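Heads up: the sequence lines are chains G and D, in that order.
All residue numbers for the first sequence refer to this note's numbering, where the first residue is -4 and numbers rise by one.
All residue numbers for the second sequence refer to this note's numbering, where the first residue is 283 and numbers rise by one.
Source of the hints: derived by calculation from the structure; they are not laboratory data.
Bear in mind the structure is a predicted one, so any value in this text is a computation, not a measurement.
It is possible that some hints are incorrect.
Stated by the list, open to error - Between beta-carbon pairs, the in silico distance windows are:
no. : chain 1 : residue 1 : chain 2 : residue 2 : range
1   : G       : Gly90     : D       : Glu412    : 32 to 38 Å
2   : G       : Lys186    : D       : Pro497    : 40 to 46 Å
3   : D       : Leu511    : G       : Arg82     : 44 to 50 Å
4   : G       : Thr177    : D       : Ala445    : 47 to 53 Å
5   : D       : Ala445    : G       : Lys186    : 34 to 40 Å
6   : G       : Phe57     : D       : Tyr415    : 20 to 26 Å
A virtual CB, placed ideally from N, CA and C, is assigned to each residue, including glycine.
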Amino acid sequence: MQTSFRPLTGAYDGLSIDLAADSSFLGLSSAHLQDPGRFWPVVWVPLAVGIVLVWLVGRSRFGTTLEGIRENEERMRFSGYNTFLPRLGAFVLSGLLASLGGALFALNAAYVSPDVLSFSQAGDSLIAAMVGGLGTLVGPLAGTALYVWGQARLNSGANLHLYTGIALIVVLVFLPGGITGTLQRLWKRVKR
Amino acid sequence: MAVFEAKGLSVRYGAVAANNNIDIALEQGCVHGVIGPNGAGKSTFIDALSGRRRPLSGRVLLDGEDITYRSVRWRRAHGISRSFQRTSIFASMTVGAQLAMIARRNAEPDLAGIIDTLSLGDVIDRVCGEIAYGTQRAVDLAIALIGQPRVVLLDEPCAGLVADEAGRMLQHVRDLCRACNVAALLVEHDVEGVFRTCDTVTVLDLGEVLSSGMPAQVRADPEVIRAYLGSAA
Ligand SMILES: Nc1ncnc2c1ncn2[C@@H]1O[C@H](COP(=O)(O)OP(=O)(O)OP(=O)(O)O)[C@@H](O)[C@H]1O
Ligand SMILES: [Mg+2]
Chain G
-4 MQTSFRPLTG AYDGLSIDLA ADSSFLGLSS AHLQDPGRFW PVVWVPLAVG IVLVWLVGRS
56 RFGTTLEGIR ENEERMRFSG YNTFLPRLGA FVLSGLLASL GGALFALNAA YVSPDVLSFS
116 QAGDSLIAAM VGGLGTLVGP LAGTALYVWG QARLNSGANL HLYTGIALIV VLVFLPGGIT
176 GTLQRLWKRV KR
Chain D
283 MAVFEAKGLS VRYGAVAANN NIDIALEQGC VHGVIGPNGA GKSTFIDALS GRRRPLSGRV
343 LLDGEDITYR SVRWRRAHGI SRSFQRTSIF ASMTVGAQLA MIARRNAEPD LAGIIDTLSL
403 GDVIDRVCGE IAYGTQRAVD LAIALIGQPR VVLLDEPCAG LVADEAGRML QHVRDLCRAC
463 NVAALLVEHD VEGVFRTCDT VTVLDLGEVL SSGMPAQVRA DPEVIRAYLG SAA
């Protein structure tokens, strides 16, 4: 199985994305795709569209239904709601956004291997979301910004995972709801 | 004629016969109390009536039509609603948001009336997980009452409430059922409260009906006194 699909998947060696010298993607050659200055609109446009989409879904009836299902699936069913289809819809939507992110990552990195899906890599995005605050739109954005900043500033000693771990523990113990959750609570207290 | 009936309902958990051949009939505008010691099978009975658990044998009838194997959603759409022994609310949502969500689904014409009756106006903008326990029980009851159900199955709506709160809750349930012509099944631990508020009473013990009838009749039943009420009655 592994060997028969090797030409297609590259197995553990991964796949590199080679655009032929004269071809391009969205008008960008492969050198351009790896140039942050050229590539950024390709990333930012889907990000902005994704944020607006998720924001609209969150405010819609569908979003309220999803919140109800997250909070108490059984009571939703006993209140007459179909709970399967909304959950399916939510998984499809989040799968769509994740695959969009993955496709953009692959274009920019020009190389993917199974390592990209290992927990030490994939788990980081989960941790970033938790540190920022789950269940909100801004939370994962804030967490990711912090993560990227930390990666740029703190990675010199190869201690990034130590800092990630510390951030996660601090949030779990002291800041339930992540950064945004804590800010929301402080704001409520100030208002009162 | 009875709106909602169970005939010979039996439920088993493996070898445990939690309900054995139970009959019951609910009339519109009447509250039918179900009492019995811990583990008598009261919650199991509501589970079987509400479609949460499939009975081994027996039938559940709505207006004489067999609905034993209808889904939970079908039952809610056809006016059968229930509450849970353990408070079952939407903790992260505000009281108003969750009631509006349920009301939208069940086409409730007078949500404000329900909010008013259960005195939830003051907490409408509060997050439900942060309000007092007794108020959460009222929200739980409100969720069950939304959508003008014809049959409500209430599993210990007063569980954990202090005596006068519990008394008021029972009174509420009875008044609402009379006013809206709802058939209610009320499982309750407070025996005195049940005898005071219910029109008819069934006593369960070890999954079987020990006695059933008017409160006075059931209270005087020597079987009930021996097995359940003891010398206290
Ligand atoms: N999911 C389950 N699996 C196996 N046995 C169960 C299950 N649920 C309940 N039982 C058993 O079935 C019997 C009836 O339980 P049930 O919860 O219906 O009693 P109850 O009358 O509601 O009691 P309580 O007054 O404590 O609420 C008990 O012996 C209980 O241990
Ligand atoms: Mg019970």
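Hint check:
Between Gly90 (chain G) and Glu412 (chain D) the beta carbon distance is about 34 Å. The supplied range of 32 to 38 Å therefore holds. Distance hint check: the CB atoms of Lys186 (chain G) and Pro497 (chain D) are about 52 Å apart, inconsistent with the given range 40 to 46 Å. At roughly 47 Å, the beta carbons of Leu511 (chain D) and Arg82 (chain G) sit within the given window of 44 to 50 Å. For the hinted restraint 47 to 53 Å between Thr177 (chain G) and Ala445 (chain D), the CB-CB distance of approximately 40 Å leaves it violated.
Range check, Ala445 (chain D) to Lys186 (chain G): about 37 Å between beta-carbon atoms, so the 34 to 40 Å window is met. In this structure the supplied range 20 to 26 Å is violated for Phe57 (chain G) paired with Tyr415 (chain D), their Cβ-Cβ distance being about 31 Å.
When each numbered hint is compared with the structure, violations occur for hints 2, 4 and 6.
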